[in-house]
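Number of protein chains: 2
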Amino acid sequence: MNKHGGYFGENTKEVMDFSVNVNPLGPSEKLIKELKDKLNTIIRYPEIDGETSKNILAEYLSIHPEEIILGNGATELIYLFARALKPKKVLIIEPTFTEYRRAFEMTESDIYSYISRETNDFCWHKEELLKEIRKIKPEVIVLCNPNNPTGVFMDKSEIENILIKMEDIKATIFIDESFIDFTDKESSISLIREYPIYILRSMTKFYAIPGLRLGYGIGNKNIISRLNEMKEPWTLNALALGSTPKLLEDKEYRKEVMNWYTREKEFLYKELKGIRYLDVFSSEGNFFLCKLKKSNAKELKTRLLKENINIRTCEDFLSLDDRYIRLAVRSREDNIKLITALKEILINEI
Amino acid sequence: MNKHGGYFGENTKEVMDFSVNVNPLGPSEKLIKELKDKLNTIIRYPEIDGETSKNILAEYLSIHPEEIILGNGATELIYLFARALKPKKVLIIEPTFTEYRRAFEMTESDIYSYISRETNDFCWHKEELLKEIRKIKPEVIVLCNPNNPTGVFMDKSEIENILIKMEDIKATIFIDESFIDFTDKESSISLIREYPIYILRSMTKFYAIPGLRLGYGIGNKNIISRLNEMKEPWTLNALALGSTPKLLEDKEYRKEVMNWYTREKEFLYKELKGIRYLDVFSSEGNFFLCKLKKSNAKELKTRLLKENINIRTCEDFLSLDDRYIRLAVRSREDNIKLITALKEILINEI
Numbered sequence: 000m001n002k003h004g005g006y007f008g009e010n011t012k013e014v015m016d017f018s019v020n021v022n023p024l025g026p027s028e029k030l031i032k033e034l035k036d037k038l039n040t041i042i043r044y045p046e047i048d049g050e051t052s053k054n055i056l057a058e059y060l061s062i063h064p065e066e067i068i069l070g071n072g073a074t075e076l077i078y079l080f081a082r083a084l085k086p087k088k089v090l091i092i093e094p095t096f097t098e099y100r101r102a103f104e105m106t107e108s109d110i111y112s113y114i115s116r117e118t119n120d121f122c123w124h125k126e127e128l129l130k131e132i133r134k135i136k137p138e139v140i141v142l143c144n145p146n147n148p149t150g151v152f153m154d155k156s157e158i159e160n161i162l163i164k165m166e167d168i169k170a171t172i173f174i175d176e177s178f179i180d181f182t183d184k185e186s187s188i189s190l191i192r193e194y195p196i197y198i199l200r201s202m203t204k205f206y207a208i209p210g211l212r213l214g215y216g217i218g219n220k221n222i223i224s225r226l227n228e229m230k231e232p233w234t235l236n237a238l239a240l241g242s243t244p245k246l247l248e249d250k251e252y253r254k255e256v257m258n259w260y261t262r263e264k265e266f267l268y269k270e271l272k273g274i275r276y277l278d279v280f281s282s283e284g285n286f287f288l289c290k291l292k293k294s295n296a297k298e299l300k301t302r303l304l305k306e307n308i309n310i311r312t313c314e315d316f317l318s319l320d321d322r323y324i325r326l327a328v329r330s331r332e333d334n335i336k337l338i339t340a341l342k343e344i345l346i347n348e349i
Numbered sequence: 000m001n002k003h004g005g006y007f008g009e010n011t012k013e014v015m016d017f018s019v020n021v022n023p024l025g026p027s028e029k030l031i032k033e034l035k036d037k038l039n040t041i042i043r044y045p046e047i048d049g050e051t052s053k054n055i056l057a058e059y060l061s062i063h064p065e066e067i068i069l070g071n072g073a074t075e076l077i078y079l080f081a082r083a084l085k086p087k088k089v090l091i092i093e094p095t096f097t098e099y100r101r102a103f104e105m106t107e108s109d110i111y112s113y114i115s116r117e118t119n120d121f122c123w124h125k126e127e128l129l130k131e132i133r134k135i136k137p138e139v140i141v142l143c144n145p146n147n148p149t150g151v152f153m154d155k156s157e158i159e160n161i162l163i164k165m166e167d168i169k170a171t172i173f174i175d176e177s178f179i180d181f182t183d184k185e186s187s188i189s190l191i192r193e194y195p196i197y198i199l200r201s202m203t204k205f206y207a208i209p210g211l212r213l214g215y216g217i218g219n220k221n222i223i224s225r226l227n228e229m230k231e232p233w234t235l236n237a238l239a240l241g242s243t244p245k246l247l248e249d250k251e252y253r254k255e256v257m258n259w260y261t262r263e264k265e266f267l268y269k270e271l272k273g274i275r276y277l278d279v280f281s282s283e284g285n286f287f288l289c290k291l292k293k294s295n296a297k298e299l300k301t302r303l304l305k306e307n308i309n310i311r312t313c314e315d316f317l318s319l320d321d322r323y324i325r326l327a328v329r330s331r332e333d334n335i336k337l338i339t340a341l342k343e344i345l346i347n348e349i
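Same order as they appear, the protein sequences are chains G and V.
Taken in order, the first sequence gives residues 0 to 349; the numbers are from numbering that gives the first Met the number 0.
Taken in order, the second sequence gives residues 0 to 349; the numbers are from numbering that gives the first Met the number 0.
No wet-lab data here; the hints were simulated from the structure.
Among the hints, erroneous ones may be present.
[Stated by the list, open to error] Covered stretches of chain V (chain G as the covering partner; in silico rule of three or more C-beta atoms under 8 angstroms from a C-beta of chain G):
{"hint": "1", "stretch": "73-83"}
{"hint": "2", "stretch": "179-187"}
{"hint": "3", "stretch": "312-319"}
[Said to hold, decoys possible] Which bits of chain G does chain V cover? Going by a derived footprint, with three or more residues having C-beta under 8 angstroms, they are:
{"hint": "4", "stretch": "27-37"}
{"hint": "5", "stretch": "113-119"}
{"hint": "6", "stretch": "284-290"}
{"hint": "7", "stretch": "336-344"}
Keep in mind the model is a prediction, meaning the values are calculated, not measured.
Glycine residues also receive a C-beta, built at the ideal position from the N, C-alpha and C atoms.
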């Protein structure tokens, strides 16, 4: 059963799916054309570890190919990281994406949580976090940055500060940057040679290709080689691998998407702010966490589905409950429909 | 590094690749058309566990959807099976596909081997095998059927006979039927409700879609549910999932491929038989294991590559060495080129 976002009901085509954090503009036409031209690549095995794409990515990111590992979506690399490091103790910074916890449950790690407080707008209290790290002494710390579902971001300088202060702990920080393409914030990639960090990247969200399955991990050679030892062969399909160069070279698409997002994110945020019966938290992601003041998220979801609108309820995120929903930014038209429906439903619930 | 078959060198387009056990006729045109029409499915997350495709497959195989699990290629399901069962002791019937061993090394299982003898044409000696099973008492037994690289097949009745005789051992037999589509032999699927067996199937080889990544596993509900507990989400890409119905409904393609194979396999076998400096073993797969009487496989591979022919050397298969090569059946034209080159090279080596 799907506990994540994503609508797979009967009206798949008609439903405006605000539960999925994927760029609604869709992939670039150049990519679709490229895939059409490359369909015959499915008759051959993909490269066993995607070497060609890895080299292209390494050049794009100005790092060594030995510092990259490709994944069948970012998800493969979460589970692979857990299996390769098999830490005794993991500290997950919550509330966050639920697959981290599941991955470390499978490696039978002891899982600890540092929970960011709503009273602090879900921002992380660095001193408190450091204290927790010192107390628990985890081998792995998991940070989603920007965080799903809260949208909170920790700057590179703050991360480096934590890394310096916890040097004696020797913990590896796992930083999931799956949503970083949607912000103008700086990635932590430049820290990989100095500190034990492992950075996860997804091509799914920004490039609007969740069906292709393409993600990558970045870390120092030592970490990446540990992951490669446990990596399963041929996990990336030929079309995902084949699309890498086209995706990276398309600066125009990236610019267009960013311009569009800046505009539409601001619009949606403002409109959500204007709804009395709901609190919206500011976000560095392409989505907003909202808190319903008096309504129940599941009921709201059911009501909205009647209007062909799907939302993500958040009761399965640690420390959140049935008052929270997550809304992705969609087209102006869809966003207006959402706002109208929300206003109508929420005002009547009171 | 790729230890398996598959040529990824400079002349990728020109090289006749006999090292890869994939149907050289390529996928059906209907499939390629379908994929073209369905390219826009990449803008959505694939179903988390491929439910729709699972239902279609279940109907096709006349079993319950709860008796099937889908994989990102059969490979995912080898590793997942190892992780889900985490057996203390595994008995692998060798020489065989090397990923089984790697999967069970990762779960830190004690790995035992039953090695079929060349003097017996690599056929399995059932009484001897049973004796080994009784001695070792493994929790899992791995059988590739037809076996890669020997092409040997164990009939369903023989498998059932072994299952009956080892009932007190309570071992699960893992049967990899990735190559069964190429024979007219009966699958062991009908045994899943009576015995603890887990059957692996690949769509890669017969349907000529190694780049798509599509495989499935079949077993009783108990086994499949144990696998589902450990399964990672979204492992199958949207195009692989979307192609399932088209692949299964295309009876014509299957018939065409089988007719072609019957003819070309016989031709290649006869021609290989006619080469004095080489022994060829009969095979139920779409490939032949051959033993060079006086030459070295690696040298032969290097020589053949100059003729744009790639072959699989077999030194990494347990009990085989640098005298063995594996040759896939290709087009008549390619097969003739291979035979001509083999004759020329081998006669001069003597």
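Against the structure, the hints come out as follows:
1. Counting residues of the stretch 73-83 of chain V whose beta carbon lies closer than 8 angstroms to any beta carbon of chain G gives 4, which reaches the threshold of three, so the coverage claim holds.
2. Using a Cβ-Cβ cut-off of 8 angstroms, 0 residues of the stretch 179-187 of chain V lie near chain G, which falls short of the minimum of three, so the contact claim is violated.
3. For the stretch 312-319 of chain V, the assignment as covered by chain G is violated, since 0 residues bring a beta-carbon within under 8 angstroms of that chain's beta-carbons and 3 are needed.
4. Evaluation of the coverage hint for the stretch 27-37 of chain G: fulfilled, as 3 residues show C-beta separations to chain V shorter than 8 angstroms, against a requirement of three.
5. Coverage of a stretch by a chain is defined here by at least three residues with a beta carbon nearer than 8 angstroms to that chain's beta carbons; for the stretch 113-119 of chain G and chain V the count is 0, and the condition is violated.
6. Look at the stretch 284-290 of chain G against chain V: 0 of its residues bring a Cβ nearer than 8 angstroms to a Cβ of that chain, fewer than three, so the hint is violated.
7. Given a C-beta distance limit of less than 8 angstroms, the hint that chain V covers the stretch 336-344 of chain G is violated, as 0 residues qualify and 3 are needed.
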